[in-house]
Amino acid sequence: MALLALRDVDARYGQVQALRGVTLTVESGEIVAILGANGAGKTTTLRAISGTVRRTGTIELDGRSLARCGPERAARLGIAHVPEGRGTFSELSVWENLRLGAHTRRGSTKGDFARVLEYFPWLESRRSQQAGTLSGGEQQMLALARAIMQRPRLLLLDEPSLGLAPLVVSEIFRIVRELNEREGTAVLVVEQNARTSLATASRAYVLEVGAVAYEGASADLRERDTIRRSYLGY
Amino acid sequence: MTARRSTAWIVPTLLLAGCAALLIGSLRSSLFAQQTISGLANGGIYASLAVALVLIYRATEVINFAQGAIATFTTYVAWQLIDWGLAYWPAFICTLAFAFAFGFALELVAIRPVERRGSQLTVVIASIGLLILVEGAVGYIWGNDIRFMPAPFPAHIYRIGGVAFSRQDIATIAISIASVGVLWLLFRFTKLGLAMRAAAVRPEAARLVGIRVSWMLSLGWGLAAVLGAVAGMMAAASPSVLLQPSMMDGILIYAFAAAVLGGLESALGAVIGALAIGVTLNLLGSYVSWITPQLLLPAAFVLMLVVLLVKPSGLFGRTTARRV
Numbered sequence: 001m002a003l004l005a006l007r008d009v010d011a012r013y014g015q016v017q018a019l020r021g022v023t024l025t026v027e028s029g030e031i032v033a034i035l036g037a038n039g040a041g042k043t044t045t046l047r048a049i050s051g052t053v054r055r056t057g058t059i060e061l062d063g064r065s066l067a068r069c070g071p072e073r074a075a076r077l078g079i080a081h082v083p084e085g086r087g088t089f090s091e092l093s094v095w096e097n098l099r100l101g102a103h104t105r106r107g108s109t110k111g112d113f114a115r116v117l118e119y120f121p122w123l124e125s126r127r128s129q130q131a132g133t134l135s136g137g138e139q140q141m142l143a144l145a146r147a148i149m150q151r152p153r154l155l156l157l158d159e160p161s162l163g164l165a166p167l168v169v170s171e172i173f174r175i176v177r178e179l180n181e182r183e184g185t186a187v188l189v190v191e192q193n194a195r196t197s198l199a200t201a202s203r204a205y206v207l208e209v210g211a212v213a214y215e216g217a218s219a220d221l222r223e224r225d226t227i228r229r230s231y232l233g234y
Numbered sequence: 001m002t003a004r005r006s007t008a009w010i011v012p013t014l015l016l017a018g019c020a021a022l023l024i025g026s027l028r029s030s031l032f033a034q035q036t037i038s039g040l041a042n043g044g045i046y047a048s049l050a051v052a053l054v055l056i057y058r059a060t061e062v063i064n065f066a067q068g069a070i071a072t073f074t075t076y077v078a079w080q081l082i083d084w085g086l087a088y089w090p091a092f093i094c095t096l097a098f099a100f101a102f103g104f105a106l107e108l109v110a111i112r113p114v115e116r117r118g119s120q121l122t123v124v125i126a127s128i129g130l131l132i133l134v135e136g137a138v139g140y141i142w143g144n145d146i147r148f149m150p151a152p153f154p155a156h157i158y159r160i161g162g163v164a165f166s167r168q169d170i171a172t173i174a175i176s177i178a179s180v181g182v183l184w185l186l187f188r189f190t191k192l193g194l195a196m197r198a199a200a201v202r203p204e205a206a207r208l209v210g211i212r213v214s215w216m217l218s219l220g221w222g223l224a225a226v227l228g229a230v231a232g233m234m235a236a237a238s239p240s241v242l243l244q245p246s247m248m249d250g251i252l253i254y255a256f257a258a259a260v261l262g263g264l265e266s267a268l269g270a271v272i273g274a275l276a277i278g279v280t281l282n283l284l285g286s287y288v289s290w291i292t293p294q295l296l297l298p299a300a301f302v303l304m305l306v307v308l309l310v311k312p313s314g315l316f317g318r319t320t321a322r323r324v
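Those protein sequences? They're chains A and B, same order as listed. The working numbering numbers the first residue of the first sequence as 1 and each following residue consecutively. The working numbering numbers the first residue of the second sequence as 1 and each following residue consecutively.
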């Protein structure tokens, strides 16, 4: 059984229908990418999963329906959603941001901090810095670190490359792969940057106007002419 | 950036100068020292209520106009408990517990349904409705007569170097500052406090890490009501206020002025603003002959107006550095 399964999911913002019958799955331990143009419904798909937008249809995590779950509940069930704009608590310190990642868990978080520092050693020396004063790339890494503190089974990443330098982007994707290999965390990543995400993900879905237009293994999608021309640009 | 750096010294310098002036005045005149202390006691009462306002403002960007009425109600509860024969301190503790539950419940019943549907303006109007309702309930249950709230400590005068301090004043200052301090510790050092701050600054992101934001708001109302109860019980014991349905109306205005002076977002700013207002008004009232007690409330209004015109972010308004 798939870790995450969406069947015929619709979502709307007021009058505007953003998703039309989206069906997709993520197996446990898998990295899956969602590609598509602006406004295709990529972000909304993630928001439908974490319950931050009204939706209908079937959404299941490990066979358990998320239909009635808001974002608080989804977080408790093991979904870490790093939203558009990274969800940084700008006014709080770096350390407090990390601490918030472990909010739903009781007991000591020492082990989690140590684990996060293995991925991001630089966080140690910046722990009391106000998070809003970090650079964009650092904030993206902090968001990832906060998500790691959640010990998620499924990580939802919304455009982690947005506005960042290529070097930083490849560092972030390297860490996502490492996280996936070491902890077995499944990742569903939304990207405009198709080249990097197809290199990282094993499978991908291409959304067009709120519906899945293509799906397949990353290697196959890279070979398809239409996708190459529209999303990879060569 | 440069502009901010060049003005950053003004507020601390003003505060230091003010403190120095008070200290010198107190050393030279014992009357001045007494008036300063009782001004600080008034300020302590304003501070508790002002911090309660800041607490709710930070979470929802709404001024809770019912804060004073809620404080009055809980103070009457304390009076009732004492009237039934409970000793002062047990009654004090029970009242704090009641205040927490009361504030929590009011948010749940009166504010949450409105907030979910309406704008901030609707919430403000709901809070004005609560003000009328709660104050009316006080009159309905306990009547409009003035009652006498016992003081936590027997009347006593300390004499230090020819200056007489009333124990009541000292206790008021200590209890107000302690209650604000305990709240600060809660926010600064506990997981719950961190979650409440996160819910206040970034509610959407807070929900994504599993924080139940709406419960945090109810909790905030509960804690604000506890602070209000402290202010109410301290105020009711003061001979210039006494226990009556409208007892917190004036104090709420001073607390507004203090919160505005402190920048509405800063609890420390509200405390300093409240102490400054308490001392200033008390000294003005006792040294400037034409300033009668009737002029003190308008003076607080004028101060509020000046702050809003000259420096709307207040003395301690946060200017958050943010990089995108």
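Heads up, some of the hints might be wrong.
[Stated by the list, open to error] One side only, chain A facing chain B, incomplete, derived with CB under 10 Å:
#: 1; residue: ASN38
#: 2; residue: GLU72
#: 3; residue: PRO83
#: 4; residue: LEU92
#: 5; residue: ALA147
#: 6; residue: MET149
#: 7; residue: ASN180
No lab work stands behind these hints, which were simulated from the structure alone. The C-beta atom is built at its ideal place from N, Cα and C for all residues, glycine as well.
Taking the hints in turn, this is what the structure says about them:
1. ASN38: Hint violated; A/ASN38 Cβ to chain B Cβ min 19 Å, cut 10 Å.
2. GLU72: It holds, given that the least Cβ distance between A/GLU72 and chain B is near 5 Å, below 10 Å.
3. PRO83: Status holds, d = 6 Å.
4. LEU92: Holds, about 7 Å.
5. ALA147: Since the shortest Cβ distance to chain B is 9 Å, the answer is holds.
6. MET149: A/MET149 check passes; min Cβ-Cβ to chain B is 8 Å, inside 10 Å.
7. ASN180: violated (20 Å)
The structure is inconsistent with the numbered hints 1 and 7, although it conforms to all the rest.
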